[in-house]
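Protein chains in written order, with UniProt numbering: chain G, 1 to 88; chain B, 1 to 88.
No lab work stands behind these hints, which were simulated from the structure alone.
Please read all numbers here as calculations on a predicted model, not as lab measurements.
Heads up, some of the hints might be wrong.
[Claimed, not checked] Quick list of in silico lysine to any residue cross-link-like pairs, SDA-like style, CA-CA up to 20 angstroms: (1) B:Lys66 x G:Gly31; (2) B:Lys54 x G:His29; (3) B:Lys81 x B:Phe43.
[As the list claims (entries may be wrong)] To give a feel for the contact side, a few chain B residues facing chain G, derived at Cβ under 10 angstroms: (4) Asn33; (5) Met40; (6) Gln59.
Note that CB positions come from ideal geometry on N, CA and C, so glycine has one too.
2 protein chains.
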Amino acid sequence: MDFKVTIVVTLKPSVLDPQGTTVTEALHHMGYNNVSDVRMGKFMEVSVQASSEKAAEQQAHEICKKLLVNPVIETYRLTIKPAQEAAV
Amino acid sequence: MDFKVTIVVTLKPSVLDPQGTTVTEALHHMGYNNVSDVRMGKFMEVSVQASSEKAAEQQAHEICKKLLVNPVIETYRLTIKPAQEAAV
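Only chain G is shown next, with the shape it has when bound in the complex:
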């Protein structure tokens, strides 16, 4: 069965986010002074073929820990859906 895994990787709250700061400053320069605290993160969509949703989820966590996420400075969350449902 095909599953669609959606992964969101964000910096831990205690970690400085220079990219977010730059965007905040750019927005202020453009006149959006009511905007603050821009935090940037990564978004990933992955197709996983697995026998069950549980197996796919387990593998997705494994992939995150081994490759996609730096646990020292980042946290992640993921959602998983059957591929057909995700396409709707």
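Guided by the hints, dock chain B onto chain G, whose structure is given.
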């Protein structure tokens, strides 16, 4: 009132995603051959001060179109929540 806007920016399906391809290949090299179609995107969290949720949403769309999203190759979606609720 403070609102927390969550923005997900993804490449349009027709646009090549070299970063995603690299991650897919890395995963295959690591033995995860059941994984395919990795697509990378950006994730942003923005705090917006506005009089109403509707005003915050309108401004968030404006910011996306003017700064955060390249409409030629990217699409975006956003969700908006009162800041207190988002913190829970």
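Do the hints match the structure? See the list:
1. B:Lys66 x G:Gly31: Cα-Cα ~12 angstroms, so holds.
2. B:Lys54 x G:His29: 23 angstroms, violated
3. B:Lys81 x B:Phe43: Measuring from Cα to Cα gives roughly 16 angstroms; hence the hint holds.
4. Asn33: With Cβ-Cβ at 9 angstroms, under 10 angstroms, it holds.
5. Met40: Because about 6 angstroms separates Met40 (chain B) from the closest Cβ in chain G, which is inside the 10 angstroms limit, the hint holds.
6. Gln59: Hint holds; Gln59 (chain B) Cβ to chain G Cβ min 7 angstroms, cut 10 angstroms.
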